[in-house]
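Go by the hints and put chain D onto chain V.
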Amino acid sequence: AQSVTQLDSHVSVSEGTPVLLRCNYSSSYSPSLFWYVQHPNKGLQLLLKYTSAATLVKGINGFEAEFKKSETSFHLTKPSAHMSDAAEYFCVVSSGGGYNKLIFGAGTRLAVHP
Amino acid sequence: DAMVIQNPRYQVTQFGKPVTLSCSQTLNHNVMYWYQQKSSQAPKLLFHYYDKDFNNEADTPDNFQSRRPNTSFCFLDIRSPGLGDAAMYLCATSSRDRDPDTQYFGPGTRLTVL
Chain V
8 AQSVTQLDSH VSVSEGTPVL LRCNYSSSYS PSLFWYVQHP NKGLQLLLKY
58 TSAATLVKGI NGFEAEFKKS ETSFHLTKPS AHMSDAAEYF CVVSSGGGYN
108 KLIFGAGTRL AVHP
Chain D
917 DAMVIQNPRY QVTQFGKPVT LSCSQTLNHN VMYWYQQKSS QAPKLLFHYY
967 DKDFNNEADT PDNFQSRRPN TSFCFLDIRS PGLGDAAMYL CATSSRDRDP
1017 DTQYFGPGTR LTVL
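So the protein sequences, as listed, match chains V and D. Adding 7 to a residue's 1-based position in the first sequence gives its number in our numbering. Adding 916 to a residue's 1-based position in the second sequence gives its number in our numbering.
The shape of chain V in the complex, shown without the other chains:
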């Protein structure tokens, strides 16, 4: 069975400093992995996805994530945080099969301070 663990429930950074949101996954096969972002009272926006084409995945708004099979990790990074990055971030793995049931991590709330 697939599962996702987000290692930090809250992360706080200063504007202009790097962002690291950590995610470990468990999967019995080569998974599809995603990061979604959710701003307050908004829907989920797809930041990026990994589907085995390349281990370093670039997403929108300067975010990227690296798939490390040996560490079963898919951490999200950004070199320089912006105030508008403050939001909830979900690491997600697909269950596979005919339709994909998404398995969500518990979420990481990112705060960005001036």
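FYI, nobody ran anything at the bench for these hints, they're computed from the structure. In this text, all values refer to a predicted model and were calculated from it rather than measured experimentally. Treat each hint with caution, since some may be false.
[As the list claims (entries may be wrong)] Derived SDA-like pairs (lysine to any residue); straight-line CA-CA distance at most 25 Å:
hint: 1; chain 1: V; residue 1: 76; chain 2: D; residue 2: 1016
hint: 2; chain 1: V; residue 1: 49; chain 2: D; residue 2: 1002
hint: 3; chain 1: D; residue 1: 968; chain 2: D; residue 2: 1012
hint: 4; chain 1: V; residue 1: 49; chain 2: D; residue 2: 943
hint: 5; chain 1: D; residue 1: 954; chain 2: V; residue 2: 94
hint: 6; chain 1: D; residue 1: 954; chain 2: V; residue 2: 47
hint: 7; chain 1: D; residue 1: 960; chain 2: V; residue 2: 82
[What the hints assert, rightly or not] Coverage of chain D stretches by chain V, computed from C-beta distances (three or more under 8 Å per stretch; other residues unrestricted):
hint: 8; region: 957-965
hint: 9; region: 985-998
hint: 10; region: 1019-1028
[Claimed, not checked] Quick partial rundown of chain V residues pointing at chain D, CB under 7 Å, derived from the structure:
hint: 11; residue: 29
hint: 12; residue: 51
hint: 13; residue: 101
hint: 14; residue: 102
hint: 15; residue: 111
hint: 16; residue: 113
hint: 17; residue: 114
hint: 18; residue: 118
Every residue gets a Cβ at the ideal spot worked out from N, C-alpha and C, and that includes glycine.
Here is chain D on its own, set in the frame of chain V:
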């Protein structure tokens, strides 16, 4: 732009008074999903449609029903809302044929039960 639209964005209902939430999409995707998201939690899948084929999650209460009259529209009916049903309701879509692993979310409907 192709998108997932949810109406209304905010819905207030009374305890026990039926309510219907609406989702439409211009992506021409054949799979549509409904999620419930309570405060500070990850989204929880209620059910999904693959075309007209309805698939209920095992733990979705009978109080929740859904209709999909055509490819573009899907409705969530809550027959007798309780206080515990207050949540954000998210609609999502995916294309089982082109990219079954990726779901695209609408902005959500925030339901308040008085």
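- Under a C-beta cut-off of less than 8 Å, do 3 or more residues of the region 985-998 of chain D approach chain V closely enough to confirm the stated coverage? Since 0 is below three, the answer is violated.
- Using 7 Å as the Cβ threshold, decide whether residue 29 (chain V) counts as touching chain D. 16 Å, violated
- Task: Mind checking the alpha carbons of residue 49 (chain V) and residue 943 (chain D) for me, to see if they're no more than 25 Å apart?
- Result: Holds, because 19 Å separates the two Cα atoms, which is no more than 25 Å.
- Message: So if I understand the rule, the pair passes when the alpha-carbon distance is 25 Å or less; does residue 968 (chain D) with residue 1012 (chain D) pass?
- Response: 13 Å, holds
- Would you check whether residue 113 (chain V) satisfies its interface hint, that is, whether its CB is within less than 7 Å of any CB in chain D? With a minimum Cβ separation of about 6 Å from chain D (threshold 7 Å), the hint on residue 113 (chain V) holds.
- State whether the coverage of the region 1019-1028 of chain D by chain V holds or is violated, taking the criterion as 3 or more residues with Cβ-Cβ distances under 8 Å. holds (count 7)
- Message: Does residue 51 (chain V) hold up as a contact with chain D if the rule is Cβ-Cβ below 7 Å?
- Response: Holds. Min distance 4 Å.
- Under the criterion that the straight-line Cα-Cα distance not exceed 25 Å, is the pair residue 960 (chain D), residue 82 (chain V) satisfied? With Cα atoms ~23 Å apart, residue 960 (chain D) and residue 82 (chain V) stay inside 25 Å; holds.
- Query: Regarding the hint that residue 114 (chain V) lies at the interface with chain D, is the smallest CB-CB distance below 7 Å?
  - Reply: Interface hint status for residue 114 (chain V): holds (6 Å vs cutoff 7 Å).
- 25 Å limit on alpha-carbon distance, applied to hinted pair residue 954 (chain D) and residue 94 (chain V): 16 Å, holds
- Message: Is the coverage entry for the region 957-965 of chain D by chain V consistent with the three-residue Cβ rule at 8 Å?
- Response: It holds: at least three residues are needed, and the region 957-965 of chain D offers 5 whose Cβ sits within less than 8 Å of chain V.
- Satisfaction of hint between residue 47 (chain V) and residue 954 (chain D), Cα-Cα up to 25 Å: Holds. Residue 954 (chain D) to residue 47 (chain V) sits at ~13 Å (cutoff 25 Å).
Hint check: violations occur at hints 9, 11, 14, 18; the rest are consistent with the structure.
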